[in-house]
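Let the sequences and hints guide you as you build the complete structure.
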Amino acid sequence: MTSANDHTSEIEQLWHSSDASKWQRALDRYWNYINPTHFELECEMETLRPDDVRYLDADQWYDWLLKKYFCWKYTARNRYVKNTRDLERQATDLGRHHLLTIRDRVLGCENASIRDALTAATEFNGIGPAGASGLLALLFPAKFGTVDQFAVGALCKVRCLSERDKLRCMKPQRLTICDGVVLIGIMRRKAVSLNELFNTSGWTPRKVDKVLWASERRLTHHPSEACRV
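Numbering-wise (our numbering), the sequence shown opens with residue 22 and increments by one.
No incorrect hints appear here.
The list that follows gives simulated cross-link-like pairs (lysine-lysine, DSS-like), each with its CA atoms no further than 30 Å apart:
hint : residue 1 : residue 2
1    : Lys187    : Lys43
2    : Lys192    : Lys103
3    : Lys178    : Lys43
4    : Lys89     : Lys192
5    : Lys103    : Lys88
6    : Lys178    : Lys192
7    : Lys88     : Lys192
8    : Lys103    : Lys89
Derived CB-CB ranges, DEER-like:
hint : residue 1 : residue 2 : range
9    : Ala163    : Tyr76     : 20 to 26 Å
10   : Trp52     : Lys192    : 24 to 30 Å
11   : Arg70     : Gln34     : 33 to 39 Å
12   : Val102    : Asn220    : 44 to 50 Å
13   : Cys190    : Arg98     : 28 to 34 Å
14   : Leu115    : Lys88     : 19 to 25 Å
15   : His119    : Pro71     : 16 to 22 Å
16   : Arg180    : His119    : 44 to 50 Å
17   : Gln45     : Glu65     : 19 to 25 Å
18   : Arg180    : Lys43     : 16 to 22 Å
19   : Leu115    : Ser39     : 46 to 52 Å
20   : His119    : Asn99     : 24 to 30 Å
21   : Tyr101    : Ser183    : 33 to 39 Å
Because the hints were derived from the structure by calculation, they are not lab data. Note that this is a predicted model, so its numbers are computed, not measured. All residues carry an ideal CB built from backbone N, CA and C; glycine is no exception.
This is the structure in structure tokens:
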């Protein structure tokens with residue numbers, strides 16, 4: 022008799038798949054779950070490079086965080102309002118040039134440890150470990166992926182992972198830097214594995230996180246109802 026615990030989820034089946042076309046279809050599904058009102062912003066963030074923000078002045082950088090990054094990451098209205106208020110308070114208390122100092126530290130984190138990079142990005146008020154991972158994933162997609170409740174939910178279904186006990190102990194909506202280190206480590210490892218399997222260099226931790234995100238959104242949302250939180 023097969024118990025519920027023996028059921029192999031779709032993401033677990035994909036995780037073990039050596040079919041490149043299945044992985045590509047799973048990646049392509051990400052775009053089906055982007056809110057149409059955010060599609061243009063998503064496309065812009067998809068092509069973001071460090072130099073696009075490296076030379077912004079203090080006011081431009083502050084506006085980019087508020088009107089671009091925070092809009093991209095915090096699509097739930099209440100989250101956006103709270104987190105932007107925190108950033109605004111930091112800019113008022115310490116000055117917008119202080120935000121430039123943090124930006125420059127983050128831009129120097131491409132080859133830093135996952136922990137150090139997340140620590141640097143969380144110096145922005147309103148950006149916790151999940152938000153920090155998103156910023157790093159946009160700037161350095163070959164090194165970082167976005168960690169959130171959807172990544173945790175999907176990875177908990179992949180029973181072969183050595184980190185499974187750690188995953189099950191995580192609080193998906195209150196991820197810590199330690200959680201981020203574990204999650205991004207898994208994404209990095211999987212990207213390397215896929216590139217070796219398919220003899221390519223195109224798979225990145227960011228692409229793996231998109232597959233995980235779309236996998237979880239697919240279970241509970243119609244594309245027209247989905248949004249990033």
